[in-house]
Every structure is written in C-alpha cells, then in structure tokens.
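Here's the letter readout for the chains.
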Amino acid sequence: AQSVTQLGSHVSVSEGALVLLRCNYSSSVPPYLFWYVQYPNQGLQLLLKYTSAATLVKGINGFEAEFKKSETSFHLTKPSAHMSDAAEYFCAVSEGTSYGKLTFGQGTILTVHP
Amino acid sequence: DTGVSQNPRHKITKRGQNVTFRCDPISEHNRLYWYRQTLGQGPEFLTYFQNEAQLEKSRLLSDRFSAERPKGSFSTLEIQRTEQGDSAMYLCASSSWGAQTYNEQFFGPGTRLTVL
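Chains as they are written, first to last, in our numbering: chain C, 1 to 114; chain E, 1 to 116.
No lab work stands behind these hints: they were computed from the structure. Incorrect hints may have been included.
Pair ranges (Cβ atoms, derived) [to be verified]:
#, chain 1, residue 1, chain 2, residue 2, range
1, E, A53, C, S14, 46 to 52 angstroms
2, C, E71, E, S5, 35 to 41 angstroms
3, E, R112, C, P79, 34 to 40 angstroms
4, E, S58, C, E66, 29 to 35 angstroms
5, C, K58, E, T76, 25 to 31 angstroms
6, C, H10, E, S5, 29 to 35 angstroms
The list that follows gives simulated cross-link-like pairs (lysine to aspartate or glutamate, DMTMM-like), each with its CA atoms no further than 20 angstroms apart [what the hints assert, rightly or not]:
#, chain 1, residue 1, chain 2, residue 2
7, E, K71, E, E28
8, C, K49, C, E15
9, E, K71, E, D24
10, C, K49, E, D24
11, E, K11, E, E104
12, C, K58, E, E104
Predicted model, so just to flag it, every value in this text is computed and none were measured. Each residue gets a CB set at the ideal place from its N, CA and C atoms; glycine is no exception.
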C-alpha cells in the first residue's frame, strides 16, 4: 500500500531564506509523486509532479523537487522564500495499474517571516 | 476552461439531515474524484469515477455516503443522516487519464460541511 510521510508539520523561515519541505513515500511500484499547495479556504493547486521522466522536477513559483529512489524521498525546495509562499503544502503519491487515487501526507504549514 | 467547480461552497445542517453536493469537472476530463479533508489533515480519498463507472471506493465511504456520475459529466455526493463527525471540507478533483497525462488531478475549491 502507498503512504506518504511529511516530516515537520510546521516550518518557519525568513524571507529570502532557503525553503526545504521533506516528504518520504512508500510504494510497491514506481510511483507518480506530486506537491500541492493550499491557501486558506481554498482548494489545492499543483506545484509540480514527478512522472519518471527526470529526477529533478521544476514547478511553478520557483519551487523544485528531487526524486531519490534510494532514499524514497521527494523533498520540495525553493532557494529564496517570499512572503506569498506562506501556505500549507501537501505531498502526494499515486500508484498502481491505473494510477487512480492520491494518497496525501498530513501537510506542512510554511510560515515566512519578514 | 473554467476549472473544477463545486456547489454549494458552504453547507450548515443539523444532525440527521441529508445533504447533497455537486461537482462539475473540467469538461474534457474523464476521471472525477472525491476527497474529504478535516482540519489539520491532508485530503483522504473517498471514491473516483472513470466516465460514469465508479472504479474504487474507500472504506471511509460508509453506507450513508453515495456518489453518482450519471452521464460521465458532473457528479453528486450525498450524505444521509448526517453526523457531527461528517463535518469536513469535501473536495472534488478531475483528471484526464491516458498516455502522457500522468493523472494530474485538478481540484475544486471544496464544499465545507458543518453538522450541528
């Protein structure tokens, strides 16, 4: 069965600092991996996805993530945080013959200080 | 392309009442998903359709819950005899399943249910 663990329910950084949000997954078959962002009282917006084409994936708003099979990780990074990055971030995995449902981590709330 | 829409955005009901939510997916998408999100948690999968066929249901989807997608377009999620534990955000997503689409799911804004 697939599962996702996000280390750190809250991460706080200063504006301009590196953002690192951690995600580890468990999957019995090659997975598709996703990072979504959620602003208060809104739905989820896709930041980026890994689909086995390249291990370093670039997404929107300057975010990127690296797939490391040996570490079963898919950590999200951004070189320089902006105040507008403050939100909740979810890592998700999709697997199986039909790659149907997404299994989400519990989320990481990112706070950006001026 | 207007995105995934959900109605209503908010619903307050009394325990024991029935409620129904509607989701309109992106028009060319053949898959439609329902998730439930409670405060401080990630979304949890409930069920999904490919066209009008319901392909998978979570064990979270008790007998009080039923979902339909009668013509392979919009979908409804009904909760009968609501309980306070049903209070949550109900999210709908859609995707286009096929080669090179990777099942990227697009989410609607959600329906927030409060059961008093």
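Hints and how they fare:
1. A53/E - S14/C: 46 to 52 angstroms: holds, 50 angstroms
2. E71/C - S5/E: 35 to 41 angstroms: holds, 39 angstroms
3. R112/E - P79/C: 34 to 40 angstroms: This hint holds: roughly 35 angstroms between Cβ atoms.
4. S58/E - E66/C: 29 to 35 angstroms: holds, 31 angstroms
5. K58/C - T76/E: 25 to 31 angstroms: violated, 38 angstroms
6. H10/C - S5/E: 29 to 35 angstroms: holds, 32 angstroms
7. K71/E - E28/E: This hinted pair holds, its Cα atoms lying about 13 angstroms apart.
8. K49/C - E15/C: It is violated: about 25 angstroms lies between the C-alpha atoms, which goes past 20 angstroms.
9. K71/E - D24/E: Holds. K71/E to D24/E sits at ~12 angstroms (cutoff 20 angstroms).
10. K49/C - D24/E: violated, 24 angstroms
11. K11/E - E104/E: violated, 28 angstroms
12. K58/C - E104/E: holds, 15 angstroms
In terms of the numbered hints stated before, the structure departs from hints 5, 8, 10 and 11, listed from lowest to highest.
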